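Keeping their order, the protein sequence lines are chains E and W. Residue numbers are given in this note's numbering: position 26 of the first sequence equals residue 26, and the series is strictly consecutive. Residue numbers are given in this note's numbering: position 3 of the second sequence equals residue 315, and the series is strictly consecutive.
Simulated from the structure, these hints should not be mistaken for laboratory data. Just to be clear, a hint being listed does not mean it is correct.
[As the list claims (entries may be wrong)] A few chain W residues that face chain E, going by a derived Cβ cut-off under 7 Å, partial list only: (1) 324; (2) 327; (3) 328; (4) 331; (5) 342; (6) 345; (7) 346; (8) 349.
[As the list claims (entries may be wrong)] In silico lysine-lysine, BS3-like type, Cα no more than 30 Å apart, as pairs: (9) E:82 with E:142; (10) E:278 with E:142; (11) E:25 with E:93; (12) E:25 with W:323; (13) E:93 with W:323; (14) E:82 with E:93.
Source: prediction; values computed, not measured. Glycine included, every Cβ here is placed at the ideal spot set by N, Cα and C.
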Amino acid sequence: MSDASINTQASTNEAGFGDYFALLKPRVMSLVVFTAAVGLLAAPGYVHPFVAFCAILFIAVGGGASGALNMWWDADIDHVMKRTQNRPIPSGKVEPGEAMAIGVALSGFSVVMLGLATNFVAAGLLAFTIFFYVVIYTMWLKRWTPQNIVIGGAAGAFPPMIGWAAVTGGVSVESVLMFTLIFMWTPPHFWALCLFMKSDYKDAGVPMLHVTHGRRSTRNHILVYTLLLAIIAVGMAFTGVGGPIYLATSLVLNALFIIGAVAIWRRSEEASEADGFKREKSFFGLSLLYLFLHFGAILAESALAPYGLGGW
Amino acid sequence: MSFRAEHEIHKRRFGRNLGVALVLVGFIAIVFGLTVVKVTRGDYEPENSVMTN
Chain E
1 MSDASINTQA
11 STNEAGFGDY
21 FALLKPRVMS
31 LVVFTAAVGL
41 LAAPGYVHPF
51 VAFCAILFIA
61 VGGGASGALN
71 MWWDADIDHV
81 MKRTQNRPIP
91 SGKVEPGEAM
101 AIGVALSGFS
111 VVMLGLATNF
121 VAAGLLAFTI
131 FFYVVIYTMW
141 LKRWTPQNIV
151 IGGAAGAFPP
161 MIGWAAVTGG
171 VSVESVLMFT
181 LIFMWTPPHF
191 WALCLFMKSD
201 YKDAGVPMLH
211 VTHGRRSTRN
221 HILVYTLLLA
231 IIAVGMAFTG
241 VGGPIYLATS
251 LVLNALFIIG
261 AVAIWRRSEE
271 ASEADGFKRE
281 KSFFGLSLLY
291 LFLHFGAILA
301 ESALAPYGLG
311 GW
Chain W
313 MSFRAEHEIH
323 KRRFGRNLGV
333 ALVLVGFIAI
343 VFGLTVVKVT
353 RGDYEPENSV
363 MTN
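Okay, chain E solo, but in the shape it has when bound:
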């Protein structure tokens, strides 16, 4: 092998800054940033704008760190699944050990910095979130039980609670309800994705519900969880973070979400195959809008409160 061939090999595989940034799962991070920001802004009390900015940044970094640790642990699965084959580790740009080192370092950094910037209740919640996502979900549940996404979804539901705790220094009914909203939203959101991603999880040997219990059962589960979600989402309108704007938004979105879930429940596999999973894909798209608008409405209620318009 000549020097020239070594250089060529290195140039195609050596990671750029963007590859390390991709380890932090920027798309997931955007959801973390948004929900944490809403939790922080809706909380009663005052926090300096710069401290608020730092708190959201450290929560995002903590979320990113757990994403890097997830990629390190799941590199074998990511290598098999089409959706994840281009991630930095399976594509050979970042070594698994590097991802682990970055994940561990950023986890410690984000927890300590959040504690120093705000309080150690928020920092403790962030540490628990990272632990839950990496150890409970990634290392344990994901490859063991078809309920992986149900229980593991808790990790993605913590950011608004952390944002709330950053201001108040504690946990309250409202912050737990924001947690519950994301917790109940995650299964129907993810199972809809599973229905049209088809064989990816099966090939990787991940026991997702549609792999272990069949697609009919997955459709049933989507409907049941959507109905339970609607009760919680609409019920939140009558708590401290709700109000008429939230109630109107929630009623419309939950009506649309239930219509979508019923349509998925009534469909046969043949009908779904025939139109390329059109209904399932639109339900998945709606689920993203659903969460964004619910938290947007909570934010609107909180922003209008000083003018006597938000809340009840």
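For this one, chain E is given, so just place chain W on it according to the hints.
Then chain W, alone, in the frame of chain E:
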């Protein structure tokens, strides 16, 4: 005078180093900003008893 042709890998390494440098500068700015906010807000003022002694 250039001693060797610039390879794509050098650009990538420069981008990586620049990224790390910017992250470090950002971290310094954040620590400085947090310090200013917390000190001006009085988070680290000594207790009254200490001040009177």
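Okay, the hints, checked on the actual structure:
1. 324: 5 Å, holds
2. 327: 5 Å, holds
3. 328: 5 Å, holds
4. 331: 3 Å, holds
5. 342: Holds. Min distance 6 Å.
6. 345: Holds: closest Cβ of chain E sits about 5 Å from residue 345 (chain W), inside 7 Å.
7. 346: Constraint on residue 346 (chain W) satisfied, holds at 6 Å.
8. 349: Nearest chain E Cβ about 5 Å off; hint holds.
9. E:82 with E:142: Cα-Cα ~18 Å, so holds.
10. E:278 with E:142: Roughly 27 Å between the alpha carbons, so the hint for residue 278 (chain E) and residue 142 (chain E) holds.
11. E:25 with E:93: 15 Å, holds
12. E:25 with W:323: Holds: residue 25 (chain E) and residue 323 (chain W) sit about 24 Å apart, inside 30 Å.
13. E:93 with W:323: Given pair residue 93 (chain E), residue 323 (chain W) holds - Cα atoms ~16 Å apart, limit 30 Å.
14. E:82 with E:93: Holds: residue 82 (chain E) and residue 93 (chain E) sit about 17 Å apart, inside 30 Å.
In this structure, none of the earlier numbered hints is contradicted; all agree with it.
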